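Engineer: Listed in order, the protein sequences are those of chains A and B.
Each residue of the first sequence is one higher than the one before, starting from 1 at the first, in our numbering.
Each residue of the second sequence is one higher than the one before, starting from 1001 at the first, in our numbering.
Calculated directly from the structure, the hints in this document are not laboratory data.
Since the model is a prediction, treat every value here as computed from it, not as a measurement.
Glycine included, each C-beta is placed from N, C-alpha and C at the ideal position.
One or more hints might be untrue.
On the chain B side, residues computed to face chain A include the following (Cβ under 7 Å) [what the hints assert, rightly or not]:
1. PHE1032
2. LEU1035
3. PRO1064
4. VAL1102
There are 2 protein chains.
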Amino acid sequence: MNAQTRKKTAGMTSGDSPSCCGLPGIPDARFFRALCDPTRLRIMALLVEARQPRTVSEVAEGFPVDVSVVSRHLAVLRDQGILLAERQGKEVRYSVNYEFLVSALHGFARAVEACCPPEE
Amino acid sequence: MNAQTRKKTAGMTSGDSPSCCGLPGIPDARFFRALCDPTRLRIMALLVEARQPRTVSEVAEGFPVDVSVVSRHLAVLRDQGILLAERQGKEVRYSVNYEFLVSALHGFARAVEACCPPEE
DNA sequence: ATTATATTTGCATGAATGCGCAAACGCGCA
DNA sequence: TGCGCGTTTGCGCATTCATGCAAATATAAT
């Protein structure tokens, strides 16, 4: 069992925001669940700014929590397809899944404004 | 104390996604926290599809949970600026704050892709 | 094979959260 | 003023979640 296909294999590739709620374009609650923690969000900011993959240890350096906690946070984001993970020797490098993340955000925004434009 | 300014007065008007994490454009964790519940997300879908304000009772009709629970969910979304609330007599009508929501989503997406465009 | 380093996982714990029910509150109306 | 309807809030309960620590796993080097 490698690093990317782990639990629910929720890793979707790009333009498929998993619709819940019947309304297409609205992501699954688990998508937001992955982003709703302050620590996880700061990890996201770090990886976005890094612009390149970072190991678990590197990410953990910037945080006061245990490495295992950071590892778990990264796994949560990876399981939702928001992060990508690849082993390199004994390290695992995490990076932002830009395509999926941006597509999910735009898809949600489009669904909202397409269904309900106030006036224009 | 009226319906909109309630707890933390987190109700921001439109284009100001409250940056956490130092990286501007990334919303506060509480923004995602408000969207990370399945019921709340279905409420969002309902209000988006409705295209017009809905009372608490009207929203609650479509859900198996108690009215008080729906009221709390609506309050959570309102406190984050995602929903708008206005009293009309004894009823309170909730509607989607399109400007804020879409702006927050696009702002996040822009921050991500601006900081880290894979290739283009 | 043994050791060392990096990452993940099991377990316990305290805090947060969703929920139902009942009571309180707000508002219109007789 | 009192009543009824719609909404919110207080409280208790069960579940989820973030965290730390220790143990397990994975991989490389000796």
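Engineer: To test your reading of the hints: which numbers does this structure violate?
Structural biologist: The structure conflicts with hint 3 only, although it agrees with all the remaining ones.
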